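Build the complex from these two chains, which are given one at a time in their own frames, with help from the hints.
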Amino acid sequence: MTLTYWSWLKNVQKVADIWNASHPNVQVETVWIPSGNRGGYSKLYAALAAGGGPDLAQVEMRTVPEFMLVNGLVDLSRYGARDYANRYDPALWSQVSFSGGVYGIPQDSGPMATFYRPDVLAKVGASAPATWEEWAAVGQELRSVDAYIDCFSLADTSYFVSFAAQAGARWLRPAEDGWVINMTDDSTLKVARFFDRAIDDGIVTTAYGPFTPGWYAAASSGEFASLTSGSWADALVQSVSGGAGKWRVAPMPIWDSTGYGSSYLGGSTAAVLANSKHPREALEFAVWMTSTQAGIDAEIANSGIGWSPVPGMIGAAREKPSDFSGGKTTTRTSSCQRVSRRTWTGLGGPSPRSPSTF
Amino acid sequence: MDWSWWPVTTQSFNILSDGFRRKASGTSFVDTVVAAEQQIMTAFRNKGLTIRKEQA
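Line by line, the protein sequences are chains B and Y.
Number 192 in the working numbering belongs to position 192 of the first sequence; there are no gaps in the numbering.
Offset between the second sequence (1-based) and the working numbering: plus 1000.
Hints listed in this document are in silico derivations from the structure and should not be mistaken for laboratory results.
Every value quoted in this text rests on a predicted model; they were computed, and no experiment measured them.
Do not take every clue at face value.
[What the hints assert, rightly or not] Here are the computed lysine-lysine pairs in the DSBU-like style, where the Cα-Cα straight-line distance is at most 30 Å:
{"hint": "1", "chain 1": "B", "residue 1": "14", "chain 2": "B", "residue 2": "320"}
{"hint": "2", "chain 1": "B", "residue 1": "320", "chain 2": "B", "residue 2": "246"}
{"hint": "3", "chain 1": "B", "residue 1": "190", "chain 2": "Y", "residue 2": "1053"}
{"hint": "4", "chain 1": "Y", "residue 1": "1023", "chain 2": "Y", "residue 2": "1053"}
{"hint": "5", "chain 1": "B", "residue 1": "277", "chain 2": "Y", "residue 2": "1047"}
{"hint": "6", "chain 1": "B", "residue 1": "10", "chain 2": "B", "residue 2": "43"}
{"hint": "7", "chain 1": "Y", "residue 1": "1047", "chain 2": "B", "residue 2": "43"}
{"hint": "8", "chain 1": "B", "residue 1": "277", "chain 2": "B", "residue 2": "10"}
{"hint": "9", "chain 1": "B", "residue 1": "277", "chain 2": "B", "residue 2": "14"}
{"hint": "10", "chain 1": "Y", "residue 1": "1023", "chain 2": "B", "residue 2": "190"}
{"hint": "11", "chain 1": "B", "residue 1": "123", "chain 2": "B", "residue 2": "246"}
{"hint": "12", "chain 1": "B", "residue 1": "246", "chain 2": "B", "residue 2": "10"}
Looking at chain Y on its own, in the form it has when it is part of the complex (with noise of 0.2 Å):
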């Protein structure tokens, strides 16, 4: 498997959870992993970390 872990594994763990909880009140998971993309890209960033997304 081809897997890496990354700098602010932790505040992207929050990110998702956060997101998770939502799912109550019609926030699904699928939204939930578009937003979070969003927003671990912003805490790379925060940190001085460069980021991309990756080109289909």
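Bound-form chain B, shown alone (with noise of 0.2 Å):
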């Protein structure tokens, strides 16, 4: 049989080619789809709704809940998921389980830490800031030369849900009777309030958003002290021109006696769309691309995921030293490793889902 895998991760071919080399009777095709909200989505819904499309297609976490209104997703457990569910980061694999189901196969995530630049926070007499406290008054001293901390996005708002989140914000929760929404709790609030001064106060740019050409065309000429993101940044950072060696990171600013130490910003799946003829092949087919060593190798070297799903196995190509830890032993995505589970694995998942919330 052959599989078809729709994602617009690059050269995912490559990874599949390294299980089909094992799997003569189970082949995986891959065609590349626009990245979710660009087309890709448009492409699977589309597909879906003529009753056809692939066998596994690449759905971001929080797109997950999406898929699942329309029916879109195989229930994975019915053919096993459930006895790999110890493989993954706890807090991943809660997020791919909804109403007692599991509806898409952890594939990468995004634990936020800081980017920064040592030689422009010298500049007044700083070094990264361990809180947001830290990081505005920080921020204040960089004006004065012609330096930001940071820009503040208004177009992609993830970033600010990722911060609320750190805070300890939890807006949708799924119950028996329907779901419940909190946006102005205390978290989110106080996290609007301080990004509302950090604005009002001039010491974030909101001309142009992480990764833009404005924004590199700064972080080249050293306008920015630092970015704080999703671990997949590194290598966007280390693309500023003239950038080399000149970066470090370290673990994102805390907000004080609340919420958690880092956060989330952005993760895939590999999901089973409700088509498939082969779901427990597609599953399998999955759980090794995602899971295991040859498939995380892969997946890093040709297709450059963000951070890998299974403590404990973070990828060979990142277990090695880089200019981000300035040639020490630490290397930069252990750092933002460290800080995720301290924050995120151990504190339990959300509750079982409710039948009634789809």
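Structure below.
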């Protein structure tokens, strides 16, 4: 049989080819689609509505419930997905678990950290801020040397959402009688007030968001002292012109007494779509790709995935020291993971979802 | 961290960013978040989903 897999990961066929070499009876063919909301999801929704579509598709963590709403995903618990749960970060597994079912296999995530320029911070005698309060104070100082602590994207609100979650917010939760919303909790309003003030005081620029052409130009000229973003931002920061060797990574600032030490920004799953004729085999491929050493190493080498969803298996390429660690033995990625582990796992996942939620 | 994604996430992000863009004309993030909550509740109901405000 041949499974089809639609994804916007680059060169993911090379990952599938490694599987294909040892699974002659279950071959995987990949098809590149535009990333999620840039057209990929439209294609998937259209294919599902027409009764077709691939066996597997890349679906972002945050989009899994939207595909569930149109009955677009297979409940993989019927094919033994729970047997693999202990391989994965519990916080990520909980984000694919709804209504007692499992609706995707975690593929990567973006535990957050602060990428910073020691040379720019040194102009005001500062180091990477440990708290958001320090972040604001250093940001104020940096304006005297024509630098910003960071930018704030008005167009991409995922950063704000991640900061609110770090502070302890939980905007939506499923309950027996439907969904329960709370966006006006103390944590969210504190974060909203904080960034209202940061913008009013001019310590961040809203002229552009991270990784836009304007941001790259400013970062290249040393205008930014730091960027708090997902672990996957390391490759993008490294691509700043003239920035080689100048950036380091630190835990993201914390909200003093409340919330968590870090947060997540981004993350995808490999989901099995509703019209698949071979969901069991599709599940097996998804698990191989995302939780075995061969699969993870191939995903990093060929597709540049974000942070591995498997604790303790970060990928061979990421075990090595990098420029971000200043040549020390601690890698940039392990810094991210320690923050993530300390704050996300062992805190208990969301309670079981109610069948009435969808 | 106790966080759940929900069925109208994309629309919710768009509602928020529409509000955030009004920051320059004087709409605070606090005002945007409060208004977004109401708009997201409407979006849920338009999809036939049941939603209620968390009781304090």
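Evaluation of the provided hints:
| no. | hint | verdict |
| --- | --- | --- |
| 1 | B:14 with B:320 | holds, 23 Å |
| 2 | B:320 with B:246 | holds, 18 Å |
| 3 | B:190 with Y:1053 | holds, 19 Å |
| 4 | Y:1023 with Y:1053 | holds, 25 Å |
| 5 | B:277 with Y:1047 | holds, 29 Å |
| 6 | B:10 with B:43 | holds, 18 Å |
| 7 | Y:1047 with B:43 | holds, 21 Å |
| 8 | B:277 with B:10 | holds, 26 Å |
| 9 | B:277 with B:14 | holds, 24 Å |
| 10 | Y:1023 with B:190 | holds, 17 Å |
| 11 | B:123 with B:246 | holds, 14 Å |
| 12 | B:246 with B:10 | holds, 28 Å |
Taken one by one, the earlier hints all hold for this structure without exception.
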